[in-house]
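Chemist: With the hints as extra help, turn the sequences into a complete structure.
There are 2 protein chains.
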Amino acid sequence: MKIHETLDAYIDAHTSEATAFLQSLIQEKSVQGNELGVQQLVTRKLESLGLRPDVWEPNAHELDGHPYYIPSRPAYKGSPNVVAVWKGTGGGKSIILNGHVDVVPEGDTAKWTQPPFGGTIVDGKMYGRGTTDMKGGNVSLMLALESLIRTGVRLKGDVIFESVVEEESGGTGTLATVLRGYKADAALIPEPTNMKLFVKQQGSMWFRITVEGRSAHGGTRYEGVSAIEKAILVHQAVLELEKKRNSRINDPLYAHIPIPVPINMGKIQGGSWPSSVADLVTVEGRIGVAPHESMQAVKDELKETLERVSAGDPWLKDHPVRLEFFGGQWVPNQLATDHPFTEVVVSTFEEIYHRPIAVEASPWGTDGGLLGRVGEIPTLVIGPGETRVAHYPDEFIQLSEVVLAARYFARIIAAWCEPTAS
Amino acid sequence: MKIHETLDAYIDAHTSEATAFLQSLIQEKSVQGNELGVQQLVTRKLESLGLRPDVWEPNAHELDGHPYYIPSRPAYKGSPNVVAVWKGTGGGKSIILNGHVDVVPEGDTAKWTQPPFGGTIVDGKMYGRGTTDMKGGNVSLMLALESLIRTGVRLKGDVIFESVVEEESGGTGTLATVLRGYKADAALIPEPTNMKLFVKQQGSMWFRITVEGRSAHGGTRYEGVSAIEKAILVHQAVLELEKKRNSRINDPLYAHIPIPVPINMGKIQGGSWPSSVADLVTVEGRIGVAPHESMQAVKDELKETLERVSAGDPWLKDHPVRLEFFGGQWVPNQLATDHPFTEVVVSTFEEIYHRPIAVEASPWGTDGGLLGRVGEIPTLVIGPGETRVAHYPDEFIQLSEVVLAARYFARIIAAWCEPTAS
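Protein chains in written order, with our numbering: chain H, 221 to 642; chain Z, 221 to 642.
Each hint should be verified, as a subset may be incorrect.
[Stated by the list, open to error] Calculated lysine-lysine pairs in the DSSO-like style (CA-CA distance at most 30 Å, straight line): (1) K403/H <-> K416/H; (2) K523/H <-> K345/Z; (3) K537/Z <-> K463/H; (4) K331/Z <-> K537/H; (5) K331/H <-> K523/Z; (6) K463/Z <-> K537/H.
[What the hints assert, rightly or not] Sample of chain H residues facing chain Z (criterion: CB under 7 Å; computed from the structure): (7) H437; (8) G439; (9) E443; (10) I452; (11) D471; (12) A475; (13) I479; (14) P482; (15) G486; (16) I488; (17) A498; (18) W584; (19) A610.
FYI, nobody ran anything at the bench for these hints, they're computed from the structure.
The model shown is predicted, which means the values in this text are computed figures rather than measured ones.
All residues carry an ideal CB built from backbone N, CA and C; glycine is no exception.
Modeler: As structure tokens, then:
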């Protein structure tokens with residue numbers, strides 16, 4: 221097919237430019253609240269393609285009260301979404317291309333061998349926070365889009381490119397795009413799946429558990445009640461809940477995943493003085509939600525577990541453990557393997573990669589849940605970069621994978637949105 | 221004895237004044253680093269009695285390298301000691317009266333029903349951080365001293381009043397008094413013993429345990445190693461060590477104390493993101509040292525316990541738990557029950573309280589260890605206020621106990637330092 225060769229040739233001729241663009245995106249430290257710089261780069265890129273991006277900050281006031289809105293921040297000043305629509309000629313199926321630009325913090329910089337926001341290239345890999353999760357995938361999308369526009373292809377369906385904020389803390393950015401009216405017949409999110417196709421994505425929620433104790437002088441600690449000791453009871457009970465929840469999962473897609481829907485207790489903080497008994501401990505974590513589960517059912521199950529812990533302890537009985545859900549929330553999602561969009565994504569894969577596509581259920585949530593459950597948009601997740609390096613020190617992406625994914629995405633878009641006959 | 225009646229009468233006539241003075245001391249929030257205001261009040265009080273206080277900041281540079289110096293802060297700027305010597309006429313035995321002015325933080329203010337630094341009086345009790353631990357006892361000492369000076373008593377021995385800093389974090393203040401040359405034939409510390417006589421005091425040390433994990437995305441938490449889970453192993457091992465150490469204590473003085481030498485793990489902190497696996501946890505605590513033990517032997521025992529934990533865990537084997545001793549350190553102390561000073565303290569007690577004195581071993585360390593082991597000064601600890609309210613919300617002291625203790629202390633000083641015949 222002539223068009224494929226043209227697109228491939230364009231992409232090959234523009235890999236250096238795309239690499240430099242990715243590097244500039246990495247050098248913008250777009251952690252939560254600091255996404256303006258990177259979005260300005262994206263905006264300029266889209267404008268250079270002749271598009272007129274819609275740039276707006278999510279409005280906390282408008283979002284408030286929406287059942288899927290988790291207010292991670294009081295306001296989103298300086299954290300705009302960028303959406304550009306490449307209008308089709310009409311009569312075709314439309315597609316949303318969605319990627320987030322926010323990144324998690326770099327963590328302990330001593331564990332990085334490369335600068336966390338340098339975008340340095342070593343042996344064909346670019347290093348830096350956000351290379352894999354997920355500016356690499358975003359650049360693949362933009363390069364695909366660019367190849368289509370610059371080579372004069374005309375599509376029947378609309379292509380809607382969305383560069384969103386707040387994915388890492390619950391999806392306010394993508395929710396805002398849906399509520400602003402951006403819909404399509406399908407959506408593609410190039411989160412780092414190492415080019416596996418995630419037809420199901422695990423959802424998740426952040427929670428905070430507060431455990432009360434009674435303070436006392438450490439020298440007479442038997443007169444107090446250690447909130448740390450009680451928090452350990454809670455910790456063990458939550459691990460048991462994790463076991464129970466996972467024993468119920470029999471989806472073959474999760475067969476090779478040690479813990480399909482993990483509960484991660486990631487942060488603990490308690491006590492204020494070495495020689496006082498700790499009177500307050502907070503544990504913050506993330507609970508996975510299986511693709512078929514409702515958020516509320518999972519909340520209830522965690523709540524019941526903690527109630528059981530409290531009821532079974534003489535101190536906690538009168539000072540029950542408190543539970544709240546806060547910050548991040550990712551809605552799970554699934555799309556049938558025989559959906560027409562899945563079929564396009566699967567068949568196109570072999571053309572580019574010359575091997576069968578691996579179909580999996582993802583161990584983490586994406587904005588796909590919001591597109592799927594709130595926007596009712598059939599959504600799939602597949603992208604370059606390996607999950608195992610996301611959120612880690614020395615996060616990197618293989619640059620050749622970014623380019624190959626651009627070829628793949630260009631063909632998917634063309635196949636789905638259908639070129640005009642001209 | 222005429223002198224006793226005179227002293228009692230003076231004290232009774234000045235209780236309102238002493239109460240107001242105590243209130244002003246409480247209103248100075250003299251947490252670590254913030255002791256200047258309270259020491260200025262003490263200085264003015266001593267000056268009003270005709271004394272010329274020695275006011276100086278401990279010099280970290282001079283203290284450095286002393287085997288009993290635990291640098292809790294890099295410098296003591298703005299945290300002076302105050303020492304005043306009331307010279308005797310000669311030929312008598314001298315006494316040190318030692319009390320600290322630093323207080324532990326107020327903790328969760330929501331748990332206080334009275335303002336933590338208000339010094340409010342309800343039903344004869346004054347409330348506030350430091351009322352019991354130990355500004356109440358300090359005021360008893362100062363009122364006793366005032367009664368002796370103001371009623372014209374002359375003593376043969378010197379009376380050395382010491383208002384010190386840094387007791388709550390290891391005794392730098394008192395160590396500095398010893399190294400500055402303040403010595404005496406006996407020392408009295410009115411820590412809140414509820415007027416029980418502590419002939420033995422438990423020592424203690426602060427420690428910090430650092431546990432390493434490996435970070436990972438919470439959704440694939442099985443790819444990481446939770447430092448929180450490993451810290452729980454450590455926590456349990458330390459509780460077992462506490463059991464073992466206490467099973468060895470057979471001193472009848474400790475017979476009624478549930479845990480004679482407790483190990484308190486008071487503070488825990490770890491992880492930085494709810495949906496990342498925690499890669500670092502620190503636990504800070506306090507380990508009790510029995511009166512007969514050496515500090516080093518206790519350090520070694522904790523170290524060996526942690527080494528055993530590390531050796532027994534596949535991850536910790538290669539990432540061993542780290543242990544450091546920092547901040548607070550209180551040296552244990554003991555004085556024979558047949559020492560002449562003990563005899564004076566015991567016999568005088570019955571005169572005032574009309575019941576036999578209770579002799580105990582304290583569950584916590586005091587600056588008495590430094591006076592005893594470094595200064596070689598026979599030291600006893602007895603004072604008003606109940607241990608159980610120290611370091612707690614709604615700390616308070618019964619004001620009548622402060623006054624009664626002042627009478628008692630005045631008589632001890634008179635008996636030990638011996639009035640001139642005049």
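Chemist: Please go over all the hints and tell whether each is borne out by the structure.
Modeler: Results of checking the hints against the structure:
1. K403/H <-> K416/H: holds (25 Å)
2. K523/H <-> K345/Z: With Cα atoms ~42 Å apart, K523/H and K345/Z exceed 30 Å; violated.
3. K537/Z <-> K463/H: OK: K537/Z and K463/H at ~26 Å, within 30 Å.
4. K331/Z <-> K537/H: holds (19 Å)
5. K331/H <-> K523/Z: holds (27 Å)
6. K463/Z <-> K537/H: holds (26 Å)
7. H437: holds (4 Å)
8. G439: Constraint on G439/H satisfied, holds at 3 Å.
9. E443: Interface hint status for E443/H: holds (6 Å vs cutoff 7 Å).
10. I452: Nearest chain Z Cβ about 5 Å off; hint holds.
11. D471: violated (16 Å)
12. A475: violated (14 Å)
13. I479: holds (5 Å)
14. P482: Cβ of P482/H sits 5 Å from chain Z, so the hint holds.
15. G486: holds (5 Å)
16. I488: holds (5 Å)
17. A498: With a closest approach of 6 Å, the A498/H hint holds.
18. W584: Holds - the Cβ of W584/H comes within 7 Å of chain Z, reaching about 3 Å at its closest.
19. A610: At about 6 Å, which falls below the 7 Å cut-off, the nearest Cβ of chain Z leaves the hint on A610/H intact, so it holds.
When held up to the earlier numbered hints, the structure conflicts with 2, 11, 12 and fits the remainder.
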